[in-house]
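Undergrad: Below, each chain spelled out in residue letters.
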Amino acid sequence: MENFELLMGGFATALTPMHITLMIVGVLLGLIVGVLPGLGAPNGVSLLIPLTFAMDPVSAIILLASMYWGALFGGSTTSILFNIPGEPSSVATTFDGYPMARSGQSTRALTLAFMSAGIGAFVGIVVITLLSSWAARFALRFGAAEYFAVYFLAFCAFIGMGSASPIKTAVSLSLGLLLSTVGMDTVTGSLRLTFGLDALLSGVSFLVVVIGLFGIGELLATVQDGLKFRGVASRIDPRDVFKTMLELPKYITTIIRSSAVGVWMGITPGGPTAASFMSYGLARQWSKPGAKFGTGRPEGIVAPETADHSAGTCAMLPMLALGVPSSATAAVMMGGLMIWGLTPGPMLFSTQPDFVWGLIASMYIANFVGVILVLLTVPFFAALLRIPFAIIGPMIVAICFVGAYTVANSTSDLWLVLIFGVVGFVFNKLEFPLAPLVLAMVLGSKAESSFHQSMIASDGSLGIFFSNYLVGTIMTIALALLIIPQTLKFIQYLKSHKSVDSAA
Amino acid sequence: MKVKALSIGMTLAAATMLAGQALAFEPTRPVEFVVASGPGGGTDNFARTIQSIITKHKLMDQSMVVLNKGGGSGAEAFLYARKNEGDPNKLYFGTNNAYLLPHVAKLAYSMEDLRPVAALAFDEFLIWVKGDSEYTTPAALIEAAKAKPNGVTFAGSQSKDTDETLVALIEQTTGTKFKYLPFNGGGEVGVQLAGGHVAANVNNPNENIGQWQAGAVKPLCVFSDKPMAKGEPVYDGKGWGDIPTCASSGVNIPSYKMPRTVWTAAGTPDEAVTYYSDVLKKVSETPEWAEYIKKTSQTGDFLAGQPLQDFITTSEKSTVGVFEAEGWLVK
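So the sequence lines, in the order shown, correspond to chains A and B. Sequential numbering from 1 applies to the first sequence in the numbering used here. Sequential numbering from 505 applies to the second sequence in the numbering used here.
Source of the hints: derived by calculation from the structure; they are not laboratory data. Here a beta-carbon is modelled for each residue, glycine too, at the ideal position from N, C-alpha and C. Accuracy of the hints is not assured; some may be wrong.
[What the hints assert, rightly or not] In silico BS3-like pairs for lysine-lysine, Cα to Cα no more than 30 angstroms straight-line:
no. : chain 1 : residue 1 : chain 2 : residue 2
1   : B       : 683       : A       : 446
2   : A       : 489       : A       : 250
3   : A       : 446       : B       : 681
[Said to hold, decoys possible] To give an idea of the interface, some chain A residues facing chain B are shown, with a C-beta separation under 7 angstroms as derived from the structure:
no. : residue
4   : 186
5   : 191
6   : 199
7   : 249
8   : 253
9   : 324
10  : 331
11  : 344
12  : 345
13  : 453
Can you build the whole structure from these sequences, using the hints too?
TA: Here's what the structure looks like:
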C-alpha cells in the first residue's frame with residue numbers, strides 16, 4: 001500500500017505537459033533507432049545523453065527510458081516486415097512474424113507484436129511497482145553458479161524441443177559458441193581466436209552477425225527466387241488492427257507464461273534477448289496443436305514479444321536497486337544516472353523517491369503512449385511491403401550496411417555482414433536452423449564465464465550446481481526440459497517399432 | 505651547438521604558446537573522445553563528465569563525440585590510436601590500462617603509440633567485506649587466509665587488471681594466498697559481495713557506495729598514504745574519512761591508486777598536446793569537476809607534462825614487478 005501512495009506521487013511528477021512531451025519525443029526517436037538495424041537502443045540512448053546534461057534527473061531519465069521503450073517497439077517492425085531484427089531481442093520475432101507478413105497478413109503480425117509487447121511491458125511495470133524491494137533482495141542471491149543455471153535453462157528450453165534434425169542443431173549451436181569465444185576472455189584475461197587481427201579484438205559482434213544472417217541472407221534468397229519481393233500485395237485496412245486486438249484473448253496462456261518468463265529473466269541477469277528466445281521455445285513446446293511454428297503462427301509472435309518487453313522493463317529494477325544493469329541499454333542509462341549525480345543502489349529507493357517513482361509512473365504512461373503511437377503507424381509500415389523490390393531491395397542493403405557500421409564504427413564489420421549473409425543463405429538452403437547459432441552467440445560468453453567462475457569457486461566440483469535450493473531447482477528444471485521431450489520421442493519410437501515388429 | 509640553440513628556441517616557442525593563447529592550436533574538426541571502456545563504465549563516466557563540463561563552460565569551440573571502444577579490456581581504443589597516428593582531433597580516455605595492457609597481453613600497440621596529455625583524478629582502492637562479515641579488520645582477513653590458503657575469495661573486475669594486480673600485491677606483501685574470482689565490472693563485483701557469494705573485494709569507492717549506504721558491505725581500509733577526504737557520513741555514522749589506511753592496519757602497501765588519464769596518438773604536434781592539457785586543466789578547476797570528484801570519492805590531482813611522465817614511469821615499473829612475480833608477463 002505504501003508503494004501505491006508513492007506511485008500516485010510519481011504520477012503527479014510524471015503527468016506534466018513537459019514530461020508527456022518528452023515521452024512522445026522519446027518514443028518517436030526510439031522508434032526510429034529501433035527500426036534501423038545496428039543503431040539500437042544502446043547507441044540511441046548514448047547519443048542522447050549529452051542533451052540531458054542540462055535537464056533535471058527525472059526529466060532526463062523519462063526521456064531516455066521512453067526512447068528505450070520506443071526502440072523495443074521499433075525493433076519488432078523490421079523483424080516482421082523484412083526479416084531484419086532491428087534489436088537483438090527481436091530476433092525471435094522474425095521466426096513467425098516474417099512468414100506471417102509474407103503471407104499477406106502484415107497488419108495482423110504487427111498488431112499482434114505491438115499489443116503483446118504492450119501487455120508484456122505492463123506486467124513488467126506492475127511487478128516493479130509491487131515487488132521492488134523483494135525483487136532486489138532476491139537478485140542478490142545470484143552468484144556465479146546461479147547465473148550459469150539461468151543461462152543453461154535458456155539453452156535447454158530452446159533446444160529441448162528443436163524441430164530441426166538434432167545434428168544440424170548441434171552444428172549450428174557449436175558454431176555460435178565458437179564465435180562467442182572470439183576476443184578477450186574475462187576470466188583468464190587472454191586473447192582467443194583473434195589470429196593477430198586487431199578487428200577481432202573486441203570479438204564478433206552479435207548484431208553484425210544477425211544483420212548478415214537474416215538481412216543479407218534473406219535478400220540473397222529473394223534474388224535467387226527471381227527478383228520479386230516475396231509476398232505481399234495485401235489490402236491494408238485499419239479495421240484489421242481492431243480485429244487482431246479481439247483475437248488476443250485466445251492466446252492468454254501464452255501471454256501469461258511469456259510474461260512470467262520475461263519478468264524472471266529481467267530480474268535475474270538473463271536479459272530481454274534470452275527471455276524472448278526462451279519464451280519462444282516454451283511456446284513451441286506447450287502450445288495447442290495447430291500450424292507448425294516458423295510458418296506464421298500467432299503464438300510465435302506473441303510469446304517472444306511479450307517476454308521481450310516484460311524483461312526489458314524489469315531490467316530497470318536491478319539497474320536502479322543494485323547498480324547492475326541486465327541489458328546494454330540499462331548500462332548506458334546507469335552511466336547517465338551517475339553523471340546526473342545519483343547513485344544506483346539499494347538506497348536509491350529511499351533517498352530519491354521522487355526520481356524512482358516518477359520514473360516508474362512514467363513507464364506506465366510512456367508504454368501506453370508507445371502502444372498508441374505504434375498502432376497508428378501500422379498501416380504505414382505495412383504499406384512498405386507493397387513497394388517493388390527493385391526499390392526496397394537496395395534500400396535494405398544500404399540499411400544493413402549502415403546499421404552494421406554503426407555498431408562499432410568499424411569497416412571490418414562490413415565484411416562480416418557479407419560473409420554471414422552468405423552463411424545465412426547456405427544455412428537456409430541446407431536447412432540448418434539459424435536460431436541456435438544466434439542464441440549461442442548471445443548467451444555463449446556469459447554462460448562460459450559464469451561456468452568458469454563457478455569452477456574456480458568450487459575447485460572444479462560440479463556439485464556447486466546442486467549446492468543449494470535455488471541453483472538446484474533451476475538446474476533440475478533445465479535438465480527436465482532437455483531430457484523429457486527426447487525421452488518421450490524415444491518411447492514413441494520404441495512403441496511404433498514394436499507395432500511394426502508384431503505386424504511382421 | 506646548433507641542436508642546443510634549436511632546443512632553446514623550441515622551449516621559448518612553447519613558453520610563448522603557453523603565454524599567448526591566440527597563437528595556439530585549435531581543433532579543426534569535432535573532437536573524438538575515444539573511451540577505453542564500454543558505455544556506463546568508470547572511464548566512460550570520466551570522459552562524459554569532461555564532455556559535459558567543456559560544453560557547459562564552452563572551453564572548446566568544436567563539439568565533441570564520444571566513441572566507446574572497450575574491446576579487449578580497452579586495448580581496442582589504443583589500437584585505434586595507433587591507426588590514427590598524428591591525428592590531433594582525437595583524445596583517448598583510459599586508466600593505467602594504457603601502459604599496462606601491453607605487458608599482459610600480446611597486442612599490436614605499445615606505449616610508443618601514445619602521448620600522455622594529463623591525469624585528472626586518482627581512484628582509490630579499498631578492502632571491502634560483507635556488512636555482517638566476521639572480519640572487522642584487514643588483519644583478521646589476512647589471518648583467515650593464512651589459516652586456510654586458497655580458502656578466502658576476493659572478487660574483482662576482469663583478469664590481470666588493476667583489481668587482480670592489487671590482490672596479488674596483497675598476497676606478495678603478506679605471504680598469503682587468496683582465491684581470485686574475476687567478474688565483468690565493478691557493479692557486478694559489489695553485488696557478489698553484498699549477496700555473500702565472495703568474502704571480499706577491492707572495489708573503488710564509487711563502485712560500492714550504493715551497497716555501503718545500505719549497510720550491505722563495509723570498508724576495512726584504504727590503500728592510500730593518508731586517509732581520504734572527510735565528507736558526509738555514509739552509513740552508521742561513518743564516512744570516507746573514518747576509514748583507516750591499509751598500511752596502518754597491517755597490510756603494508758602504502759599506496760595503490762588508479763589514475764584516470766587522457767592521451768593523444770603519437771605524432772600529435774606539441775601545441776595540440778599543450779592545448780588539450782590547458783583545456784583539461786580548466787576543466788579540473790570548475791565546480792562541476794569538484795562535484796564529480798566528491799561524488800565518486802576520488803582524489804582530484806591534476807598532472808601533466810614531466811610530473812605525469814614521471815608518475816607513469818614509476819607506476820609502470822612497480823606494477824610490472826608484480827606481473828613478473830605472478831608470471832603474467834608476455835614476451
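Undergrad: All hints are to be evaluated individually against the structure, with a verdict given for each.
TA: So, going through the hints one by one against the coordinates:
{"no.": "1", "hint": "683/B / 446/A", "verdict": "holds, 21 angstroms"}
{"no.": "2", "hint": "489/A / 250/A", "verdict": "holds, 29 angstroms"}
{"no.": "3", "hint": "446/A / 681/B", "verdict": "holds, 27 angstroms"}
{"no.": "4", "hint": "186", "verdict": "holds, 6 angstroms"}
{"no.": "5", "hint": "191", "verdict": "holds, 6 angstroms"}
{"no.": "6", "hint": "199", "verdict": "violated, 9 angstroms"}
{"no.": "7", "hint": "249", "verdict": "violated, 40 angstroms"}
{"no.": "8", "hint": "253", "verdict": "violated, 34 angstroms"}
{"no.": "9", "hint": "324", "verdict": "holds, 5 angstroms"}
{"no.": "10", "hint": "331", "verdict": "holds, 4 angstroms"}
{"no.": "11", "hint": "344", "verdict": "holds, 6 angstroms"}
{"no.": "12", "hint": "345", "verdict": "holds, 2 angstroms"}
{"no.": "13", "hint": "453", "verdict": "holds, 6 angstroms"}
In summary, the numbered hints that this structure violates are 6, 7, 8.
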